[in-house]
Amino acid sequence: MTDCIRFILNGEDVALRDVDPTGTLLDFLRLDRSLTGTKEGCAEGDCGACTVLVGRLCDGALRYETVNACIRFLGSLHATHVVTVEHLAARDGTLHPVQQAMVDCHGSQCGFCTPGFVMSLYGLWLSNDDPSRAEIEKALQGNLCRCTGYEPIVKAAELVSGTRPSALFDPLERDRTAITARLWELKTGETIATGKDGRRLIVPGTVAALAAVLAAEPSATVVAGATDVGLWVTKQMRDLDPVVFINHLDELQAIETGADGITLGAGVTYEQASATLRAEIPALGRLIDRIGGQQVRNVGTIGGNIANGSPIGDMPPALIALGATVTLRSADGRRVLPLEEFFIAYGKQDRRPGEFVESLFVPRPRAGQHFAVYKVSKRRDEDISALCGAFLLTRGDGNTVADVRIAFGGMAATPKRASAVEATLLGRPWTEATIASARPAFDDDYKPLTDWRASAEYRQLAAKNLLTRFFLEASGTPQELKRFAEEEA
Amino acid sequence: MHKPTYETYKYINGPMHQALRHDSAHKHVAGSAEYIDDIPEPAGLLHGALGLSDRAHAEILSIDLSAVKACPGVVSVLTGADVPGVNDISSGGHHDEPLLATEEVQFHGQPVFAVIATTRDAARRAARLARVEYRDLPYWTDIDGAIDNGAPLVTAGMTLERGTPKAELDNAENRLIGEMHIGGQEHFYLEGHVALAIPGEDDEVQVWSSTQHPSEIQHVVGHVLAIPSNAVTVHVRRMGGGFGGKETQGALFAALAALAAKKLGRAVKFRPDRDEDMTMTGKRHDFRMDFDVAFNGDGRIHALVANFAARCGYSADLSGPVTDRALFHADSSYFYPHVRLTSQPLKTHSVSNTAFRGFGGPQGMLGGERIIEEIAYALGKDPLEVRKANFYGAPGSGRDVTPYHQKVEDNIIARIVDELERSCDYQARRKAIIDFNAGSPVIRKGIALTPVKFGISFTLTAFNQAGALVHVYQDGSIHLNHGGTEMGQGLYTKVAQVLADAFQVDIDRIKITATTTGKVPNTSATAASSGSDLNGMAAYDAARQIMERLVAFAVEHYQVPANEVEFLPNRVRVGDQEIPFPDLVKKAYFARVQLSAAGFYKTPKIHWDRAAGRGTPFYYFAYGAACSEVSIDTLTGEYVMERTDILHDVGKSLNPAIDIGQIEGGFIQGMGWLTTEELWWDDKGRLRTHAPSTYKIPLASDRPKIFNTRLAEWSENAEPTIGRSKAVGEPPLMLAISVLEALSMAIASVADYKVCPRLDTPATPERVLMAVERLKAGG
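Top line first, the protein sequences correspond to chains G and V.
Quick note, the first sequence lines up with residues 1 to 489 if you use the UniProt record's numbering.
Quick note, the second sequence lines up with residues 1 to 779 if you use the UniProt record's numbering.
Treat the hints as calculated values from the structure; they're not laboratory data.
The beta carbon of each residue, even a glycine, is placed where N, CA and C say it ideally should be.
Treat the hints loosely; a few may be bogus.
Below, computed lysine to any residue pairings styled on SDA-like, alpha-carbon distance capped at 25 Å [claimed, not checked]: (1) K27(V) / V103(G); (2) K776(V) / E473(G); (3) K138(G) / Q100(G); (4) K705(V) / G11(G); (5) K27(V) / P171(G); (6) K155(G) / A657(V); (7) K348(G) / N308(G); (8) K155(G) / G205(G); (9) K587(V) / Q559(V); (10) K235(G) / H479(V); (11) K10(V) / W680(V); (12) K482(G) / A591(V); (13) K511(V) / V560(V); (14) K27(V) / E473(G); (15) K196(G) / P72(V); (16) K381(V) / E419(V); (17) K519(V) / F436(V); (18) K155(G) / K705(V); (19) K235(G) / K705(V); (20) K235(G) / K776(V); (21) K447(G) / W681(V); (22) K407(V) / E385(V); (23) K482(G) / A279(G); (24) K187(G) / R56(G).
One-sided excerpt, in silico: chain G residues whose CB lies under 7 Å from chain V [claimed, not checked]: (25) R33; (26) T36; (27) G37; (28) E44; (29) Q99; (30) H106; (31) S108; (32) P218; (33) G258; (34) A259; (35) V376; (36) D383.
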């Protein structure tokens, strides 16, 4: 047990005691360290002006990821390397190639979003030596620019992709070995307990320790990526106590591919899950590309997305349609339940005191099954669904519907099955006429609300139309808009 | 100090017309460009936060601030009663915008009190603890609600009339009546509002404000504190975006910071959270256009009567000039033989709407383009054909007079449109799209080519003036200051280029300094796209004065005629010798030549009689055209921008790189306005889209997949503007109208292009789908 959060900030060691459990990295950088290159644009993880890189040991290797500093809590930074825009240029002021490309392409106008863009471009450049336009746009989904129209920024990304990280001009390449060694030293597996002004912060060293902490503190707030909890603090100014961080627990980050499906630890981030899901269930992989921005996908976890019980829930409709199950763990043991049963009512999940989401099992669609998920939002990327519909069809002999599972988010107080629609389809021939006859059943399943994302009328109509789209697609005539041909995979 | 090769340079670095990078680009990417919140904080700095009303319209019965005052860290709580001067921050002297509401609140989110605390977090937390008792009053937040309730106007409307429109409406083959709802827009400058005030001795106060209008901040602070303008100094080095949102809206935060600073004798900063910023500050006006148009079988307009009603919010702010500019641009690029345009600036119980890039012009122009589109669908024609039939004609053609009786003398729209139509292969692509649509049941495409003609000058003639202050120091380095503000548009760079060009010195010899009311007084807002026109000329005027003195000195000192003194790159030729610029300057100093000058400029020719609706409000027009192609999904209304081609006129560009940036950025911002950016108020009158999580500006992945932007390189301003350039800030925003109309065409395909989809804006996927359904159901 220790009471100290230790990490590396650019080139120096940081050791913090008496840490505010909801103190943010952004405030620490700007107020405590006068590192004002990192900007606050929205304080909710949407604009990317506060983007920094956080390096962590992942499967034994040092991996740098872009992160929104505005909703990143200090307590989640133990044994990481935080890199801000001030760290990029050489000591003599020579700009890093990524920065120079932005200058050469006229990629900044007002300049306020620019450090965040530089960091996102840097994160992309470190990991991809020949990004496509689609990959560049994906890396920039979490960065808003209001001046340039993005064209010169995308060109900067293309321009710089020719140069590669070398110890000559890249600080992370130069120090990689030393930083890795230092992070290993810091990653002791010890539980950390600290706090400030009577509010406590706990970083359990193991999953067993986590279970014990939650048994003792059933009202604790469990924080993984903080992409939702962060806003409770920055926007609602809630006093959370105690806050228990789990983002560092390797045990919760396992991804296992079995004969029937994939098991994802609750701490697996969207980004970590992306490659496996894309390979195993391509439609799910494509959905992930439209959740949040890259900074959110780098820290947001699928387990957290389930545990927070959003009525829209980016992933749950798809996971419910696939028949996913969730494993809950407590000090007393584990229980497994179908994901759809986990969501009881708005804001209410079947999570008992002391329990936490440990893992998720996602069955892989079998040969002959057809699976699709469609997210509809006002803006294509980095937006919350107006509605999201997922469909899993099993056809029987004679082109009949042997089984069908349909689930929607954004249509009810929880992510919810369309059981009336399913019942109408079941056993019937998979034809346009059947689809037409099933459409009215949506009115039995859902009574959606009108809000700023969409009207009830639109949600209902679009939901029905997504069934039509699914029919067209499952019948071999894809009719969905794709931005790039490569997304058709 | 001076390299031997110095005197042989053929050109300077950074003259006018060079595609120079932004002067702060290096600092932007390094994170070292300083914004107001980045300035090292003074010792003992206090932070402010605001308490906001949670009613759209109500009488304040009582305010209980005891819980607020008891909060840890709270130093002071301010209400309207604490204002020593006038509790009013209205722009233009309307006296309708209290700094802090005292008796009545008029929108959900209106500031009622301010908390000053030792930390920003403490101030924000405390601000939520007030108990305010209200008595609710009737309210309406939108245009239809305002009309239904007989709402008053926040300021007088305007009428533009020429010919006998009402009588002529029946005298044409065809007549159409319709309406269009045009949505507003949040600026979403990436840097939110911020102000820092440091009290000085006597009545002095220094204010750092993220503002496009330092002089107005100075005036407002003076009024609020009851101190003269000479006691208030306002500074702004740069803003993280403005777009009009910082023309008047910074006054609230600056005045509060100054008020608290003077009251408490400590430095005070106000930086609202993004949600509060979006709730408390004004936006682009929504409009409803109602029109009645008569036209012939070719689509040529004969007579038009149109009314533009606007959601102004609870106070006047800039709504008068904004709605005026909507009328000034309702003609888009078209001649209306008989025309009557009226504006109706309606009071609503919502935040007071304000300037936003284009300043009402985009809404007026969009209305004009919608009328063209309606005519085209009514006649079964390509809208581009109808556009061409209605373009203003050559001077003297009898088709060259605007509804405000100004002659269009510099008309190049036909050439711009013809060039773009050919270069983007419009005709062939339109035909291919119609063929594609015929065979595609779900995905449909659309294409549209729309023109832009935008009038340049403030319509309030007095604002068309600018000052600059230029010092040349003994080492030949130059200090530049002017009244314009830098918000990313590259103004500082362009004006520095003007100065470099004038003196014929490399641009790195010129230090661009923060705008401050202490150096150049009585400045106009950096707005109306006028920044480089006005400040460039003012700086040039200052340079001219200093150069004339240097020439006079050289004539006397070297005994040569004036025409034997010539400014060459970084040197001056005097007779047959060439003297390095710094050497000449030093000699001039010792000869007691004044090496500092205040420059001044006022735009010639313009005048405007608002009551008569007659005059020459614009010095010249900027032109452009865009062609956009889109695909829509008729099952969900989702869309993808396939391609946009732009040809835009900036005259002889002062800086092509910066101008291209303005055009691309303006287009994308306009596209956001017309597509995904939706402001949504609930039935309590509360804005629910008040953060980027709910308000969706375009992302990199929303750009057209193919995006070609070109300058009309042959263009030169017909008027003698600085370097024959043209303004570029606002006009490109309206190029995005092509996107809306392309969406419209894709929708129209479901009814065989026989019905105008009458797509309101923003054209969210929802509006697109609902229009598709409406057309499928028979219009």
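Hint by hint, here is what the structure shows:
Of the pairs offered as hints, the one joining K27(V) and V103(G) holds, with about 10 Å between alpha carbons and a cut-off of 25 Å not exceeded. Taking the CA atoms of K776(V) and E473(G), the gap is about 22 Å. The hint holds against a cut of 25 Å. Only pairs whose Cα atoms come within 25 Å are accepted, and K138(G) paired with Q100(G) is accepted, the gap being roughly 21 Å. Distance restraint check for K705(V) and G11(G): the Cα-Cα separation of roughly 40 Å exceeds the 25 Å cut-off, and the hinted pair is therefore not satisfied.
Distance hint between K27(V) and P171(G) is fulfilled; the C-alpha atoms sit about 19 Å from each other, no more than 25 Å. Between the alpha carbons of K155(G) and A657(V) the distance comes to roughly 14 Å, so the proposed pair stays at or under 25 Å and holds. For the hint pairing K348(G) with N308(G), the CA-to-CA distance comes to about 9 Å; that is within 25 Å, so the pair holds. Annotation: proposed proximity of K155(G) to G205(G) is violated, straight-line Cα distance about 44 Å (limit 25 Å).
Proposed proximity of K587(V) and Q559(V) is supported: the alpha carbons are some 14 Å apart, at most 25 Å. Of the pairs offered as hints, the one joining K235(G) and H479(V) is violated, with about 44 Å between alpha carbons and a cut-off of 25 Å exceeded. Between K10(V) and W680(V), the direct Cα distance comes to roughly 58 Å. Violation of the 25 Å bound is thereby established for this hinted pair. Of the supplied pair hints, the one linking K482(G) and A591(V) is violated, its CA atoms being roughly 72 Å apart against a limit of 25 Å.
For the hint pairing K511(V) with V560(V), the CA-to-CA distance comes to about 32 Å; that exceeds 25 Å, so the pair is violated. A threshold of 25 Å between alpha carbons decides the hint, and for K27(V) with E473(G) the separation of about 50 Å lies outside it, so the pair is violated. At most 25 Å may separate the alpha-carbon atoms for a hinted pair to count; K196(G) and P72(V) meet this at roughly 15 Å. This hinted pair checks out: K381(V) and E419(V) have alpha carbons roughly 21 Å apart, not beyond 25 Å.
Taken as a hint, the K519(V) and F436(V) pair is broken in the structure, with Cα atoms around 62 Å apart against an allowance of 25 Å. Straight-line distance between C-alpha atoms of K155(G) and K705(V) comes to about 13 Å, which keeps the hinted pair within the 25 Å bound. Between K235(G) and K705(V) the alpha-carbon distance is near 36 Å, which puts this suggested pair outside the 25 Å criterion. Restraint check for K235(G) and K776(V): not satisfied, since their Cα atoms lie roughly 44 Å apart, outside the 25 Å limit.
Distance check on the hinted pair: K447(G) and W681(V) sit about 21 Å apart at the alpha-carbon level, within 25 Å; holds. A threshold of 25 Å between alpha carbons decides the hint, and for K407(V) with E385(V) the separation of about 24 Å falls inside it, so the pair holds. Taking the CA atoms of K482(G) and A279(G), the gap is about 19 Å. The hint holds against a cut of 25 Å. For the hint pairing K187(G) with R56(G), the CA-to-CA distance comes to about 10 Å; that is within 25 Å, so the pair holds.
For R33(G), the interface hint is violated, the least distance from its beta-carbon to any beta-carbon of chain V being 12 Å, above 7 Å. For T36(G), the suggested interface contact is upheld, since its CB lies about 4 Å from the closest CB of chain V, less than 7 Å. Below 7 Å, beta-carbon pairs count as interface contacts, and G37(G) has one with chain V at about 2 Å; its hint therefore holds. Hint status for E44(G) relative to chain V: holds, with the closest Cβ pair at about 6 Å, below 7 Å.
Hint on Q99(G) holds. Least Cβ distance to chain V is approximately 4 Å, under the 7 Å limit. With a least beta-carbon distance of about 5 Å to chain V, the hint placing H106(G) at the interface is held under the 7 Å criterion. Look at S108(G): its Cβ gets to within about 4 Å of chain V, closer than 7 Å, so that hint holds up. Violation of the interface hint for P218(G) is found here, the shortest Cβ-Cβ separation to chain V being roughly 27 Å, above the 7 Å cut-off.
Because the beta carbon of G258(G) sits about 34 Å from the nearest beta carbon in chain V, more than 7 Å, this interface hint is broken. Checking A259(G) against chain V by beta carbon gives a least distance of about 36 Å; that is not within 7 Å, so the hint is violated. With its C-beta approaching chain V no nearer than about 5 Å, V376(G) sits inside the 7 Å limit, and its interface hint holds. The interface hint given for D383(G) holds, since its Cβ lies 6 Å from the closest Cβ of chain V, which is under the 7 Å cut-off.
Violation of the numbered hints given earlier is confined to hints 4, 8, 10, 11, 12, 13, 14, 17, 19, 20, 25, 32, 33, 34; the remaining hints are satisfied by the structure.
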